[in-house]
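A.B. asks: Residues per chain, in single letters:
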Amino acid sequence: MKLPRRRLVALAAVAAVPRAFATPAEVDGLIRTLVGESPLKDGLVHLDLPVLVENGNAVAMRVSVTDPPSPVESIHVFAEGNPLPVVAVFRFGPRSGVPAVSTRIRLATSQTVIAIARLRDGTCWRDSAEPLVTLAACIE
Amino acid sequence: MVRVLINVPKQVFRSIPFEVKVLISHPMESGQRRDQVGQAIPRDIINHFVCTLDGETVLDADFFPAISANPFLAFSVVAEKSGILALTFVDDQGVTQTETVAVNVA
Amino acid sequence: MIRHAAVPILILAAFLSIGASDRRSGYDDASPETRAMQDDDAANPAFLWVKQGEALWSGGCANCHGDVSLMRGVAARYPAFDLKRDRLMTVEQRINLCRTDHMAAPAYAWDDDRLLALSALVGLQSRGMPLAARPREPFMSEGAALFRERMGQLNMSCAQCHEERAGQRLAGSTIPEGHPNGYPEYRLEWQGMGSLYRRLRNCLNGVRAEVFTPDSREAASLALFLTVRANGMIVETPAVRP
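Chains as they are written, first to last, in the working numbering: chain A, 1 to 140; chain B, 1001 to 1106; chain C, 2001 to 2242.
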């Protein structure tokens, strides 16, 4: 009787391994490092995510900057509630057309996602979204 | 060799941005999962992606484990003349793969 | 005269009334983003498997079957009865029989990406066509009985969810009607491609029932019943589902 019980305890311990998650403070620190002394304003950059997410394994995301006053150097995406705070970094080169990228991302849970665009003139712009991630009932 | 699908418009126009769509067959194993006996599954992702047109950069991207399995990317390119669009990506084992497609400017 | 002319029209109307319109494909219940993935072949990850299937087809199947476009309509009629072998067969089993019987090659495992690649390619040729499986007996009745049989520790039948409660919600998801018109399909949950059998196994596990094997008579009979139940619905292979 003891062994199965121990096994059960061990299993429970495995299941309860605390998973480290990013925090808003961690993301805030990364953004401060990225932006440095530059001004950070809301606007210009757009982060499009569905309001209601059907499955967090593949969430359609688009980041874009419309009519930038100076060329867009890069767009950085952060997720406050994922295991890791950084989602992706996109740097735009001389052959880039419209400064926009669509991709699919993983979201562990409902959370705030932040996009920061850095322009060549040194300004940084911010947008955020708060997708609601639902969970399916029947998973494999 | 992972499978790659690249979608470029058949004909594009000088100085007018066009969209390129890319799909790459890759599990993008996040390193956050455990297998059925509780062992951590090691991280295995494409961590860097670069697209160039005749050697000039279009997009240079860093991927993290939050990029979905079988990554999809759509982005915009502007060409002044016909050329070769090259996609290069690197995985966690350091394996690099390059795929090319012709761009025909009208 | 008018009465006579009306009879075939009434019969036709009866068929149409059980046509596609009153049944919901999983596509209809999916989010706009998931539908968009399916609507654009350049954004649908299942086409990575289709591409793999094209390479496999031209490297083997084409020797007998020619261009894959000649497979148009074939997948829409499966599962189909094989007279010679006296058994009901899914597309996947047919592909594997081609390998073992005509190519002296080993059968693919049921969840092998190459089998999914070939069945996706063959299924794609029927995209846009109505499902048209023949309700062969006794498989059809056996499949129907399985659909309504309470199974597993949860003591639930397929019908309880996918017929009686279809359209209602279970946690965050809408319970689908369970039509097999998009297989093999790319499922976001799987982060990959899967067959109808994988989905059936998923359900059987869900109700804690004993899982029948991929080559069992049960699997083929249930697949036949589900397909006939969806006859007339449009093939979406390779579909995208949450």
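Because the hints were derived from the structure by calculation, they are not lab data.
Every residue, glycine too, gets a C-beta built ideally from N, C-alpha and C.
Errors might be hidden in some of the hints.
Residues on chain C that point at chain A, a partial pick, calculated with CB under 7 angstroms [as the list claims (entries may be wrong)]:
(1) E2033
(2) T2100
(3) H2102
(4) L2188
(5) Q2191
Derived EDC-like pairs (lysine to aspartate or glutamate); straight-line CA-CA distance at most 20 angstroms [as the list claims (entries may be wrong)]:
(6) K1010(B) x D2040(C)
(7) K1021(B) x D2041(C)
(8) K1021(B) x D48(A)
(9) K1021(B) x D2040(C)
(10) K1010(B) x E2218(C)
(11) K1021(B) x D2039(C)
(12) K2084(C) x D2101(C)
Which stretches of chain A does chain B cover? Using the computed rule of at least three CB atoms under 8 angstroms from a CB of chain B, they are [said to hold, decoys possible]:
(13) 43–52
(14) 73–83
(15) 104–116
A.B. asks: A separate judgement is required for each hint: does it hold in the structure or not?
C.D. replies: Okay, the hints, checked on the actual structure:
1. Given the 7 angstroms rule on beta carbons, the hint for E2033(C) holds: about 4 angstroms separates it from the nearest Cβ of chain A.
2. Hint status for T2100(C) relative to chain A: violated, with the closest Cβ pair at about 28 angstroms, above 7 angstroms.
3. Look at H2102(C): its Cβ only gets to about 33 angstroms from chain A, farther than 7 angstroms, so that hint breaks.
4. The interface hint given for L2188(C) is met, as the beta carbon of that residue sits about 4 angstroms from the closest beta carbon of chain A, less than 7 angstroms.
5. Hint on Q2191(C) holds. Least Cβ distance to chain A is approximately 5 angstroms, under the 7 angstroms limit.
6. Proposed proximity of K1010(B) and D2040(C) is supported: the alpha carbons are some 16 angstroms apart, at most 20 angstroms.
7. Proximity of K1021(B) to D2041(C) is assessed by CA-CA distance (about 10 angstroms); at most 20 angstroms being required, the pair is judged to hold.
8. In summary, the hint linking K1021(B) to D48(A) is supported, as the alpha carbons are separated by about 18 angstroms, within the 20 angstroms threshold.
9. The suggested pairing of K1021(B) with D2040(C) holds, with an alpha-carbon distance near 10 angstroms, which does not exceed 20 angstroms.
10. For the hint pairing K1010(B) with E2218(C), the CA-to-CA distance comes to about 48 angstroms; that exceeds 20 angstroms, so the pair is violated.
11. Taking the CA atoms of K1021(B) and D2039(C), the gap is about 14 angstroms. The hint holds against a cut of 20 angstroms.
12. With a C-alpha separation of about 13 angstroms, the suggested pair K2084(C) and D2101(C) falls inside the 20 angstroms cut-off, and the hint holds.
13. Under the rule that three or more residues need a Cβ within less than 8 angstroms of chain B, the assignment of the segment 43–52 of chain A is violated, with 0 such residues.
14. For the segment 73–83 of chain A, the stated coverage by chain B holds: 3 residues have a C-beta nearer than 8 angstroms to a C-beta of that chain, and at least 3 were required.
15. Using a Cβ-Cβ cut-off of 8 angstroms, 4 residues of the segment 104–116 of chain A lie near chain B, which meets the minimum of three, so the contact claim holds.
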